[in-house]
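Protein chains in written order, with the numbering used here: chain A, 1 to 247; chain B, 1 to 546.
Derived from the structure by calculation, the hints contain no laboratory data.
The model shown is predicted, which means the values in this text are computed figures rather than measured ones.
Glycine included, each C-beta is placed from N, C-alpha and C at the ideal position.
All clues given are correct.
Simulated pairs of lysine to any residue, SDA-like, Cα-Cα distance not exceeding 25 Å:
no., chain 1, residue 1, chain 2, residue 2
1, A, LYS95, B, SER126
2, B, LYS407, B, ASP173
3, A, LYS201, B, LEU64
4, B, LYS57, B, GLU161
5, B, LYS524, B, GLU494
6, B, LYS407, B, GLU494
7, B, LYS204, B, VAL185
8, A, LYS143, B, SER131
9, A, LYS118, B, GLN122
10, A, LYS201, B, THR104
11, A, LYS95, B, LEU121
12, B, LYS246, B, SER372
13, B, LYS125, A, MET77
Computed Cβ-Cβ distance ranges for the label pairs, DEER-style:
no., chain 1, residue 1, chain 2, residue 2, range
14, A, LYS201, B, ARG538, 55 to 63 Å
15, A, THR219, B, SER78, 26 to 34 Å
16, B, PHE107, A, THR219, 19 to 27 Å
17, B, GLU270, A, THR219, 52 to 60 Å
So these bits of chain B aren't anywhere near chain A, every CB distance computed over 12 Å:
no., residue
18, VAL81
19, LYS177
20, ALA262
21, SER386
22, GLY460
23, SER464
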Amino acid sequence: MLKATIEADIFRETIDAVSALVNECRLHVDEKGIRTITVDTSNVAMVSLELSASAFLTFAAEPCEIGLDIEKIRSMMSMIGKTDIVSLELDDSGKKLKISFGGYEYSITLLDTKTIRKDPNAPNLNLPATFEVPGAMFYDAIKASGMVSDKISLAVSADTCVFTMNAEGDSDRIKRELAGDDVHYITCADARSLFSLDYLKDMGKSIGRAEKVQIRLGTDHPVQFSFVYAGGKGSVGYLLAPRIEAD
Amino acid sequence: MQFVEFAAICNTIEETSSRLATADILAEKFPLLTEEELPVFVRFMRGKLFPDWSSEKLGFGPNLLYDALAYVIGKKRSYVVSAINNAGDIGKVVESLLEKREQTMFFSEELDLLDVNGRFLQMAKSSGRRSQQERLRSAQYLLSNATPLEGRYLARLMLEEMRIGVGEGVVKDAVSKAFGVPSDVIEHAHQALNDLGEVAFLAKTDPGRLTEVHITAFRPVKMMLAQQGSITSMVETHGKLAAENKYDGSRFQFHKSGGKCAIYSRRLEEMTASLPDVVGMLDKATDHDVIIDGEVIAIMNGKPMPFQTILRRIRRKHDIGDATEAITLLPWVFDILSADGETLIDLPFRERRRILESVMNAYVAPQIVSDSAEEIEAYYHASLDSGNEGIMLKVLDSPYLPGNRGKLWIKIKPEVDTIDLVVTGAEWGEGKRAKMFGSFLLACQDENGDLLEISRVATGIDDSMLSTLYDLFKDKIIAEKGKTVTFEPDVVFEVGYAELQKSTNYEAGYALRFPRFVRLRDDKDVSEIETLDSLTRRYSLQNKEE
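Just need the whole structure built from these sequences, with the hints factored in.
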């Protein structure tokens, strides 16, 4: 059972964060809120999202799992006005979700949760460098890097505590260093890994909206991004597997 | 079955040249597979991802494969392309490049035959904004998890070209042997089901059902084909025969069931959306659920138009509305395979014809029945005069044999020296044709379906056809070296020539003198091109005449 209302903006950010990586997901619903964890088609990127019941205007739920075609919902998003209130209601059969907003009522057929890949276990990672940067600053650097290369190295130097993003193309290079007030370290340690910009660009849009994003980085290890939205009542985690340079 | 094991079997078979030994290897493996794995295994062995009746496509060409591979190994696309240009065999290039990989994953998984199949199905059904990206990521996933040898066969499967010498015949023999089912039962079931995977599945699980299979609506079966022959020898052998016009059109199979209609091409591709008018005409012509065989011809200003006109319509996917006004299409139906759920292919032709006439209130192709060679000869000339290609002679007792090119249907048409060959490559043109392909390299096939080059053709192609051909081939390029490009071999040309000569310049051992392009045969599959055997026959026939 699920019957809830939510502000359009929060609904949009929720859908965008997940649809950046996957077309469908399994949503776990209970009285505390909604959450999902899922891995992309190529097993290279992972997204987890939690939105607490208090982020909704009204929220009533009993524990259940629903299979969402995120891509369908995303494509309908342009119909939703900025100030609309979106109401969500699971029908009695549990096979359809009614999404109502601004005079529209959209009934979407849910996916059989059996056909969705089972939830991945988030890997236990030892990532030595942990720090926070402004989301927009990070996303800008990703966008710029995309102009010269398809991969980027993210590195922290323990000596200088500078966070360096470096993208090298065939002929051109873009480097962005963040230091001083722009980076807040929780632990400063040596770390350097290489990542595909393809995935970072997808994740970057949601990251860019966050005031601060926490980055955890290791050497030739995955990178983890976490940030909150909906006034701290929602949280998103992205995990991206590194590229290992062949010599 | 782990995919690595599947790859090892493919490798063994690839190194086996004997057809018999190949069938033995398969017959030994079939019983070890689960009910779910068997049909997939059978299709994969032949480089098929879907049943033969299915119009489903993976939507994955060589270009996406290059992108996926470049991504996984962390090299530029151009590096991959040049490796393929140097080696030629995509499978083997993938195998050697996969030794080094750059992208890591959260979970590396050993590939399983059914998972691989599942990924392919997912790729085929993906649509919308991100479909290309999703296909690419699926391919990246597969290549990231594959051992180099698995990579070789994954790449070939993605391009649906296995080329390990497993043909339909070998699979049928192996199924028969593995499950102790007589080969005629296998053959018959295959004709109706048009999916060797399902035939193998039934042979394993419930062989009794193989004799009861029915032709089902919206699962097209292969069309019955005809050999060349002569009127006199047919009359001598069979006496009374049916003679019908041989239309210069495009063969189709029309299905109607439960108020729904679909039309399929000779290659069993669904053409319902391209031919809405023809579908509508046939729908109105019967109240029964039917599967019928026929040919559609094009008429403009009351005159029959050449076959090319129809192909242009079929190839066209947009602006159907405009095209339907310029030319009229007219279907002629001449056989019926199923009526109101009952499979009719085992009935004699005369009986099927009676049923066809009773269920259709229009478009039944005219026919004469005669045992007089003179009368048939006159019918032949009248048919030619009214713009047809010739006539078809059909044995009245003959069943409908899907996919069979036997002696029960004979085509009579004027001698023309044209042959159907597959295009394997081309050279870029010169001057104002520099951005087009100038001459095309053609191949025939040997008995294993291996392609042998036999000729080049450059004449007979006008500017508009050149640009059509450029559009058709530009996404089929698998290798490029200097001015020469290699294509995925799946487009068939009909080519005319003055004489067939022995030659050491081409792999086939023959060459065409004065080859000229006659037309595109979009309706023909690469498996239907000229064989080395029939070339040899042509050669001896030609020399006898001199």
